[in-house]
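Peer 1: Following the hints, complete the assembly by docking chains B, C, D, E and F onto the known chain A.
Take a look at the letters that make up each chain.
Protein chains: 6
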Amino acid sequence: MKVAVYPGSFDPITNGHLDIISRASKVFDKVIVGVLINPEKKGMFSVDERVDLIKRVIKPFNNVSVQSFSGLLVNFMENNDSNVMIRGLRSVGDFEYELQTSLMNKKLNPNVETVFMMTSLEFSFLSSTAIKQVAVFGGCIKELVPDEIIDDVLRKAKEFN
Amino acid sequence: MKVAVYPGSFDPITNGHLDIISRASKVFDKVIVGVLINPEKKGMFSVDERVDLIKRVIKPFNNVSVQSFSGLLVNFMENNDSNVMIRGLRSVGDFEYELQTSLMNKKLNPNVETVFMMTSLEFSFLSSTAIKQVAVFGGCIKELVPDEIIDDVLRKAKEFN
Amino acid sequence: MKVAVYPGSFDPITNGHLDIISRASKVFDKVIVGVLINPEKKGMFSVDERVDLIKRVIKPFNNVSVQSFSGLLVNFMENNDSNVMIRGLRSVGDFEYELQTSLMNKKLNPNVETVFMMTSLEFSFLSSTAIKQVAVFGGCIKELVPDEIIDDVLRKAKEFN
Amino acid sequence: MKVAVYPGSFDPITNGHLDIISRASKVFDKVIVGVLINPEKKGMFSVDERVDLIKRVIKPFNNVSVQSFSGLLVNFMENNDSNVMIRGLRSVGDFEYELQTSLMNKKLNPNVETVFMMTSLEFSFLSSTAIKQVAVFGGCIKELVPDEIIDDVLRKAKEFN
Amino acid sequence: MKVAVYPGSFDPITNGHLDIISRASKVFDKVIVGVLINPEKKGMFSVDERVDLIKRVIKPFNNVSVQSFSGLLVNFMENNDSNVMIRGLRSVGDFEYELQTSLMNKKLNPNVETVFMMTSLEFSFLSSTAIKQVAVFGGCIKELVPDEIIDDVLRKAKEFN
Amino acid sequence: MKVAVYPGSFDPITNGHLDIISRASKVFDKVIVGVLINPEKKGMFSVDERVDLIKRVIKPFNNVSVQSFSGLLVNFMENNDSNVMIRGLRSVGDFEYELQTSLMNKKLNPNVETVFMMTSLEFSFLSSTAIKQVAVFGGCIKELVPDEIIDDVLRKAKEFN
Numbered sequence: 001m002k003v004a005v006y007p008g009s010f011d012p013i014t015n016g017h018l019d020i021i022s023r024a025s026k027v028f029d030k031v032i033v034g035v036l037i038n039p040e041k042k043g044m045f046s047v048d049e050r051v052d053l054i055k056r057v058i059k060p061f062n063n064v065s066v067q068s069f070s071g072l073l074v075n076f077m078e079n080n081d082s083n084v085m086i087r088g089l090r091s092v093g094d095f096e097y098e099l100q101t102s103l104m105n106k107k108l109n110p111n112v113e114t115v116f117m118m119t120s121l122e123f124s125f126l127s128s129t130a131i132k133q134v135a136v137f138g139g140c141i142k143e144l145v146p147d148e149i150i151d152d153v154l155r156k157a158k159e160f161n
Numbered sequence: 001m002k003v004a005v006y007p008g009s010f011d012p013i014t015n016g017h018l019d020i021i022s023r024a025s026k027v028f029d030k031v032i033v034g035v036l037i038n039p040e041k042k043g044m045f046s047v048d049e050r051v052d053l054i055k056r057v058i059k060p061f062n063n064v065s066v067q068s069f070s071g072l073l074v075n076f077m078e079n080n081d082s083n084v085m086i087r088g089l090r091s092v093g094d095f096e097y098e099l100q101t102s103l104m105n106k107k108l109n110p111n112v113e114t115v116f117m118m119t120s121l122e123f124s125f126l127s128s129t130a131i132k133q134v135a136v137f138g139g140c141i142k143e144l145v146p147d148e149i150i151d152d153v154l155r156k157a158k159e160f161n
Numbered sequence: 001m002k003v004a005v006y007p008g009s010f011d012p013i014t015n016g017h018l019d020i021i022s023r024a025s026k027v028f029d030k031v032i033v034g035v036l037i038n039p040e041k042k043g044m045f046s047v048d049e050r051v052d053l054i055k056r057v058i059k060p061f062n063n064v065s066v067q068s069f070s071g072l073l074v075n076f077m078e079n080n081d082s083n084v085m086i087r088g089l090r091s092v093g094d095f096e097y098e099l100q101t102s103l104m105n106k107k108l109n110p111n112v113e114t115v116f117m118m119t120s121l122e123f124s125f126l127s128s129t130a131i132k133q134v135a136v137f138g139g140c141i142k143e144l145v146p147d148e149i150i151d152d153v154l155r156k157a158k159e160f161n
Numbered sequence: 001m002k003v004a005v006y007p008g009s010f011d012p013i014t015n016g017h018l019d020i021i022s023r024a025s026k027v028f029d030k031v032i033v034g035v036l037i038n039p040e041k042k043g044m045f046s047v048d049e050r051v052d053l054i055k056r057v058i059k060p061f062n063n064v065s066v067q068s069f070s071g072l073l074v075n076f077m078e079n080n081d082s083n084v085m086i087r088g089l090r091s092v093g094d095f096e097y098e099l100q101t102s103l104m105n106k107k108l109n110p111n112v113e114t115v116f117m118m119t120s121l122e123f124s125f126l127s128s129t130a131i132k133q134v135a136v137f138g139g140c141i142k143e144l145v146p147d148e149i150i151d152d153v154l155r156k157a158k159e160f161n
Numbered sequence: 001m002k003v004a005v006y007p008g009s010f011d012p013i014t015n016g017h018l019d020i021i022s023r024a025s026k027v028f029d030k031v032i033v034g035v036l037i038n039p040e041k042k043g044m045f046s047v048d049e050r051v052d053l054i055k056r057v058i059k060p061f062n063n064v065s066v067q068s069f070s071g072l073l074v075n076f077m078e079n080n081d082s083n084v085m086i087r088g089l090r091s092v093g094d095f096e097y098e099l100q101t102s103l104m105n106k107k108l109n110p111n112v113e114t115v116f117m118m119t120s121l122e123f124s125f126l127s128s129t130a131i132k133q134v135a136v137f138g139g140c141i142k143e144l145v146p147d148e149i150i151d152d153v154l155r156k157a158k159e160f161n
Numbered sequence: 001m002k003v004a005v006y007p008g009s010f011d012p013i014t015n016g017h018l019d020i021i022s023r024a025s026k027v028f029d030k031v032i033v034g035v036l037i038n039p040e041k042k043g044m045f046s047v048d049e050r051v052d053l054i055k056r057v058i059k060p061f062n063n064v065s066v067q068s069f070s071g072l073l074v075n076f077m078e079n080n081d082s083n084v085m086i087r088g089l090r091s092v093g094d095f096e097y098e099l100q101t102s103l104m105n106k107k108l109n110p111n112v113e114t115v116f117m118m119t120s121l122e123f124s125f126l127s128s129t130a131i132k133q134v135a136v137f138g139g140c141i142k143e144l145v146p147d148e149i150i151d152d153v154l155r156k157a158k159e160f161n
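In order, the protein sequences belong to chains A, B, C, D, E and F. Read in the numbering used here, the first sequence has 70 at position 70, and its numbers run on one by one without any break. Read in the numbering used here, the second sequence has 77 at position 77, and its numbers run on one by one without any break. Read in the numbering used here, the third sequence has 15 at position 15, and its numbers run on one by one without any break. Read in the numbering used here, the fourth sequence has 138 at position 138, and its numbers run on one by one without any break. Read in the numbering used here, the fifth sequence has 155 at position 155, and its numbers run on one by one without any break. Read in the numbering used here, the sixth sequence has 25 at position 25, and its numbers run on one by one without any break.
Just chain A, same shape as in the assembly (with noise of 0.2 angstroms):
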């Protein structure tokens, strides 16, 4: 049974997070969404809203579920069986971000392994932090985040604003 660990801030769910765990889904048994726990990072969502987000776009796949964790996510994934970690790649900033964060965690636990998958074409642009800031400034977010939670999102921008 293979597990695989999709580790993120999620601040909130794009359609570029989205494609990823839909793709996974199909080339592993087990989809374990992990929402991080960043004491330094205030977000616009807090953790358990981000979670729940997650949970209602993710109700389609059957082999996928969410959980938030803090510390190590070496440990994390130890916790849950899981040696394989998946990771959306959209820029070269995306690469050698990615590349770096890879190596320390295989230092860390040399027997986990990161697997990266190309984000799709037409979200290969999107950011949460970009929707963010199109969602204070009113500008439409369909087509950018799962549409089960565009109002949640428009909603928390004006509070926000």
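Because the hints were derived from the structure by calculation, they are not lab data. There is no bait here: all hints are sound.
For the chain C half of the interface with chain F, some residues (derived, Cβ under 10 angstroms), not all of them: (1) Val74; (2) Gly93; (3) Glu96; (4) Thr101; (5) Leu103; (6) Lys107.
Bear in mind the structure is a predicted one, so any value in this text is a computation, not a measurement. Even for Gly, the Cβ is constructed at its ideal location relative to N, Cα and C.
Peer 2: Chains B, C, D, E and F in isolation, oriented as in the chain A frame:
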């Protein structure tokens, strides 16, 4: 009549910005310098101060004007009957950021065209951030910012320091 | 009257090229597609065949024409009263090559301005080289090259194979 | 049963290739090494010689096999009931080439998924080209190619020289 | 007598930094490690603490010393009769930042020469930022920072956490 | 006595090469320009012609000499009591190629240190290839190659054309 918008923070305007403005003024009938009001980022100069500095240095160009704006850039362009945006490119890092931003703008308004110019060689290493650091540390900023505003930048750097 | 030149090998023209031509035709008064005669590189199509393929696909644009040229690009532009060159950008690799080429052209003729457009998302992975490989191996090239010239490319690929 | 294909030229197989094969064999149920027959490129080793070298070094992995193939990669995968392709990533240059290739393959067959692994640190500077150059100039290729095939590479380099 | 300055934040010094110091000490007659006092950035260690950590790990090198400095780097170099600055390069991101910084320094003082060394392979993924994160999350930092200062970093990480 | 080797094809030497030679001559006690004899690549100038052109332009530097060499670069350095190699860096593309080459050289001879200098701004877009193309197409190569050898390059370009 081809109206092009050149958006940015311009905190402060540098010789690299002025180089793009001068070259764009020969390619398009009218150029509007758009100073973005970004509530999340407090700069060295206020937005009004930046607009004033730009007004002083664009005097030689009779087809160039300046305005500040807030909200979505594509809306600002629409209000000024412009469907062409100009951006300068200095490095690979610029390129990737601009690629993602131009694709998001295209998503928000398919009629908007982003056109890029490579910054001239002698200005390719300039950034407002680097110039502010040199000024704060008492370095010489001649040839980095237009001569007309050197004193303004040094005075502001002293307040900042 | 703003005349812009769009130079390249076009061996053959792809939907990525046509995308740039179509968008440039809305930004400039006249666009001249310049097919470079490069004695050092024997392509799949002869230069005349490439010019003919381009003529067929630019019919919908009344402000776009095509010519072949040899020698220095800056001289070809001068002979056509143009001081603006358009180039498409798909990737970091493109960016660096284009940065060096545009700086060399600026050196040869300081009046020449190179203006860049990012290739539209859906064409950002296209290159004449990749399309020729797919055609030679019998793959489907629909949506990769303009419909009008699909048969020409497949016929040439067979000869080539 | 998850079957993954690892395609390449392998002229010759390097320790970087073997590193990817070994790690992939722990992530997927079956791994097929596919040696591409490229009529346009004459290598140092013939395709059959490359297949033979690979056979010798993959003996320790009971879920790994090797075949040569010609034509489109997506067709080769379909004939082997595989919808997952593995590719190694060493550098930014690799990343951009692989991004364009994976998008073209996705266009040719939307069911094909390309999954990437970063080459392990100690092999990240290896390429068949660089190793052939070192061998032709009489340099030491220990730790660059699997021990079992060092003599084959040095013998071929002498013929080549 | 060739005096080279190796400037940085060193918050804290890593094995990547020490690798550059060791190799530079064989190329230049004297190496001065310069710890930059940056009023805008509060680090994990104070500047004095960083100088102390460096003093302990450079003991084996009799031609290497350490000082903190504030203001312009080119002025610090002039005060120490040095016109050569050493910088380490790990990635494309480093390269672009360093290219712009070295061109700005050349502008401020044409006599200053920046010389670069590629970080050794086994340290190429290290950064003070990544190491602090691992330490704060209780991960093992052996082989990431010099053995002599591991306890200092873990103690500081606890305070930080 | 610090002896540094500056290896390359130099087909022909450009002002970018001369810029690196001039700056390196101030950092190291002796600089040897090494012209690589590459059997696989036929250049515009023969190796002897390249050595002659270099001899003419390095006359102002009394600590700079030139030799051609074949085989492994690390062996050439050892024969000249040098453990420092100088390379110029112009772009991200250069950086990645040089990173892999320097790591391979380090593998072949751990005592060899590769030291890099960023090409000066005004020469950052120069390459022997681009200059040869401009010369073959009859463009002006003043300020691109040293004045002393302009006629040699134009004469050779005519033969080539």
